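Student: In case you want the letters, here they are:
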Amino acid sequence: MSDTTTPEDQDTALTRLTRDPLSRRRFFVATGGATAVSALLVACGDDGDSTTMTSSDNTSTTAGMGMSNDAIAQFGKGDIGILNYALTLEYIEDAFYSDVIASGLFKGDQLALIKTFGRDEAAHVAALTQTVRKLGAKPAPKPKTKFPLDDAQSVLELAATVENLGAAAYLGQAPRIKSDEVLAAALSIHAVEGRHAAALNTLTDQSFVPDGAFAKPADAKTVLDSVQPFLVG
Amino acid sequence: MGQQHTQTATQPAAPGLEAVEFEPLSRGALIARGALGAAAVYGAVAAGPLVRRAFAQMGGGDVEILNFALTLEYLESAFYEGALDEVDLSGETREFAQTILDDENEHVAALAKTIKSLGGKAVAAPMAKFPYSDEAAFLELAQTLEDTGVSAYDGAAPAIRSKELLATAGSIVQVEARHAARVRLARNEPPAPNAFDPALSQRQVLKAVQPFVAA
Chain A
292 MSDTTTPEDQ DTALTRLTRD PLSRRRFFVA TGGATAVSAL LVACGDDGDS
342 TTMTSSDNTS TTAGMGMSND AIAQFGKGDI GILNYALTLE YIEDAFYSDV
392 IASGLFKGDQ LALIKTFGRD EAAHVAALTQ TVRKLGAKPA PKPKTKFPLD
442 DAQSVLELAA TVENLGAAAY LGQAPRIKSD EVLAAALSIH AVEGRHAAAL
492 NTLTDQSFVP DGAFAKPADA KTVLDSVQPF LVG
Chain B
466 MGQQHTQTAT QPAAPGLEAV EFEPLSRGAL IARGALGAAA VYGAVAAGPL
516 VRRAFAQMGG GDVEILNFAL TLEYLESAFY EGALDEVDLS GETREFAQTI
566 LDDENEHVAA LAKTIKSLGG KAVAAPMAKF PYSDEAAFLE LAQTLEDTGV
616 SAYDGAAPAI RSKELLATAG SIVQVEARHA ARVRLARNEP PAPNAFDPAL
666 SQRQVLKAVQ PFVAA
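Protein sequence lines correspond, in order, to chains A and B. For the first sequence, position 33 matches number 324 in the numbering used here, and the numbering has no gaps at all. For the second sequence, position 19 matches number 484 in the numbering used here, and the numbering has no gaps at all.
Treat the hints with care, as some may be off.
As a list, the in silico EDC-like pairs of lysine to aspartate or glutamate whose alpha-carbon atoms are at most 20 angstroms apart [as the list claims (entries may be wrong)]:
| # | chain 1 | residue 1 | chain 2 | residue 2 |
| --- | --- | --- | --- | --- |
| 1 | A | Lys406 | B | Glu654 |
| 2 | A | Lys398 | B | Asp550 |
| 3 | A | Lys437 | A | Asp516 |
| 4 | A | Lys406 | A | Asp361 |
From chain B, some residues computed to sit far from chain A (all C-beta separations above 10 angstroms) [stated by the list, open to error]:
| # | residue |
| --- | --- |
| 5 | Glu551 |
| 6 | Ala587 |
| 7 | Leu631 |
| 8 | Thr633 |
| 9 | Arg649 |
| 10 | Pro663 |
| 11 | Ala664 |
These are computed hints drawn from the structure, not numbers from a lab. Just so you know, these numbers come straight off a predicted model, no measurement behind them. For each residue, glycine too, the CB sits at the ideal point set by N, CA and C.
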């Protein structure tokens, strides 16, 4: 949490969720139909590799979605699986910032910024852990991690990569979430990851909107493959 | 039915706050407001289901939500276009303002096209007026608009029924969040002021943008 957080700010979707853990099943009505979707695909310049623009629920058998599900199945079923997948990513981000802060590579304004990002990730870890528990499931364990922390520039670039990936990961799962409350919480975190990514991109002279006007999602397999090099054992 | 009423009875481009508020207000929108009012009384926990039920009573709730988003995107587009025309911006600010304007215009085009493909009628662009005289004023307003945009999408998204539209709304809200962070960096403000981006109801969003909509 940053220093500007107020009690009102903390009454977020996630805190509401943890007070009201009864998740209502979300009914995805495949309305609007193909025309609307194709209009969006054209408008978004989508090249067809998206796994989120597919049909109605998580038993979908389209290739992209199936792969995404296989990768996420290890974390649990349905929303629990998605939450534990998100928790695992947040654990990695949290550990990354802790290591960066401890590395002594940063001072002043940049260190202050990194600390606020680290606090955000720690808050996400805590909230997701609590949410999984409230839903009656076991939170994913904290993975063991190791990051290449050689110099400030490469660390900032790695941070940007990790945050862009994290934002894409949430975006990839949002349409698969069943509970409105979990969805609201995920969107709330998703926007913060997007903010982190944009700030780090700016600091590393990359575009703050690298995908253009429409951010691209990433499926679970792509994301997990990308973080694999940082996992130990 | 409420949607049908809204679509057919919409006044020809009478921009103003009415245009922002789903002009003329559909029955469903009125019910949604009632629910939001009730939320103020009963608290946020009660708000979710009430609002969702209210939206469910609008024929084509997704079109209403998309038109709400379109109105915000129109405002943002007008905001950056005006600033690039009228305000003396430094090179760096001008550059990212142009990038953001291009994004907002793409959002406008995509939303309008989607509304049409769903059989709805896209709202007209509201007449907007922004009190920016210099770069500092521009940046301060930009931060407010972008932060509000993020919260507006995050607040509306869970009510979206179509999964495909939800994916697109998510794709747009992340870009709004990125805009917000970029503008904040330019002001030496924290790019992510909260660990959880707050969601705003449509009513709260309308209240926030009301000062910029010309009467």
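Student: Now tell me if each hint is right for this structure.
Tutor: Evaluation of the provided hints:
With a CA separation close to 15 angstroms, the supplied pair lysine 406(A) and glutamate 654(B) stays within the 20 angstroms bound. For a cut-off of 20 angstroms, the pair hint linking lysine 398(A) to aspartate 550(B) is broken: about 39 angstroms separates their Cα positions. Pair hint lysine 437(A) plus aspartate 516(A) holds up; C-alpha atoms about 15 angstroms apart against a cutoff of 20 angstroms. Between the alpha carbons of lysine 406(A) and aspartate 361(A) the distance comes to roughly 35 angstroms, so the proposed pair goes past 20 angstroms and is violated.
With 10 angstroms as the threshold on Cβ separation, the claim that glutamate 551(B) sits away from chain A holds: the shortest Cβ distance comes to roughly 24 angstroms. Distance check for alanine 587(B) against chain A: the nearest CB is about 12 angstroms away, which clears 10 angstroms, and the non-interface claim stands. Chain A draws leucine 631(B) into its interface by the beta-carbon criterion, the shortest separation being 5 angstroms against a cut-off of 10 angstroms. Remark: the non-interface label on threonine 633(B) conflicts with the geometry, its nearest Cβ contact in chain A lying 5 angstroms away (cut-off 10 angstroms).
The Cβ of arginine 649(B) does not lie farther than 10 angstroms from every Cβ of chain A; its closest approach is about 8 angstroms, which violates its non-interface assignment. With a closest Cβ-Cβ approach of about 6 angstroms to chain A, proline 663(B) is found to fall inside the 10 angstroms limit, against its non-interface label. Against chain A, the non-interface label of alanine 664(B) is violated: not every CB pair exceeds 10 angstroms, the least being about 6 angstroms.
Comparing the model with each earlier hint shows violations of hints 2, 4, 7, 8, 9, 10, 11; every other hint is respected.
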